[in-house]
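There are 2 protein chains.
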Amino acid sequence: MKGDGKGDDNVVFIGKKGLMNYVLAVVTQFNNGENDVIIKARGKAISRAVDVAEVVKNRFILDAKITDIQISTEEITGEEGQIKVSAIEITLNKK
Amino acid sequence: MKGDGKGDDNVVFIGKKGLMNYVLAVVTQFNNGENDVIIKARGKAISRAVDVAEVVKNRFILDAKITDIQISTEEITGEEGQIKVSAIEITLNKK
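Respectively, the protein sequence lines represent chains A and B.
Everything in the first sequence is counted per this note's numbering, starting at -1 for the first residue and increasing by one.
Everything in the second sequence is counted per this note's numbering, starting at -1 for the first residue and increasing by one.
Okay, chain A solo, but in the shape it has when bound (with noise of 0.2 Å):
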């Protein structure tokens, strides 16, 4: 289950798209079997990471549940050199 170029097929990063195309991003993992699923973002687009874990676990997938949050400051190249942004992590568990 590798290759589709995202890297780690259990993750979702989160980018500037439309709140459900992350959201069925995050079930299709699911349905391909992955039993933990971790939804990934960086600076604005960590509101929206939190968006996706409530709705896919409020309307999509009624039994998983979150199993971790982690948050830290990452340092990344900007157009301006060197900036730190915060990160999220937020690991959806379906037994």
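Please keep in mind that the hints were generated in silico from the structure rather than gathered at the bench.
The structure displayed is predicted, hence computed values, not measured ones.
Please note that a few of the clues may not be correct.
Unchecked claim - Calculated cross-link-like contacts (lysine to any residue; reagent style SDA-like; alpha-carbon spacing at most 20 Å):
hint	chain 1	residue 1	chain 2	residue 2
1	B	55	A	72
2	B	55	B	25
3	B	63	A	63
4	A	42	B	42
5	B	93	B	9
6	B	93	B	29
7	A	82	B	55
8	B	42	A	69
9	B	55	A	81
10	A	92	A	70
11	A	15	B	83
12	A	63	B	85
13	A	55	B	70
14	B	92	A	55
As the list claims (entries may be wrong) - Here are a few chain B residues that sit away from chain A, every Cβ distance over 12 Å (derived from the structure):
hint	residue
15	15
16	19
17	79
18	80
Idealized CB from N, CA, C, for every residue including glycine.
Guided by the hints, dock chain B onto chain A, whose structure is given.
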């Protein structure tokens, strides 16, 4: 330690002000003797809540640890009636 108009003393609600306003509010709570400070935010302010927690522990209160992060969905009454919004609560502890 009540009566500041913000409800529980050890809770900091994140709104639309600049980041450092909230960082200062959290640091002040710790300096006033609180062992736990809870940072709460809803909707788009969730990203800023994560920034506040990271800046407090990385730059100001170096022995503070994140001991709990909870996310949830809250129903609030907006201009268009009842809407659902994601929320986060980040607990920082300083021993």
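Here is what the structure says about each hint:
no.	hint	result
1	55/B with 72/A	14 Å, holds
2	55/B with 25/B	10 Å, holds
3	63/B with 63/A	24 Å, violated
4	42/A with 42/B	8 Å, holds
5	93/B with 9/B	17 Å, holds
6	93/B with 29/B	12 Å, holds
7	82/A with 55/B	14 Å, holds
8	42/B with 69/A	16 Å, holds
9	55/B with 81/A	18 Å, holds
10	92/A with 70/A	25 Å, violated
11	15/A with 83/B	18 Å, holds
12	63/A with 85/B	16 Å, holds
13	55/A with 70/B	10 Å, holds
14	92/B with 55/A	32 Å, violated
15	15	16 Å, holds
16	19	17 Å, holds
17	79	19 Å, holds
18	80	15 Å, holds
Hint check: violations occur at hints 3, 10 and 14; the rest are consistent with the structure.
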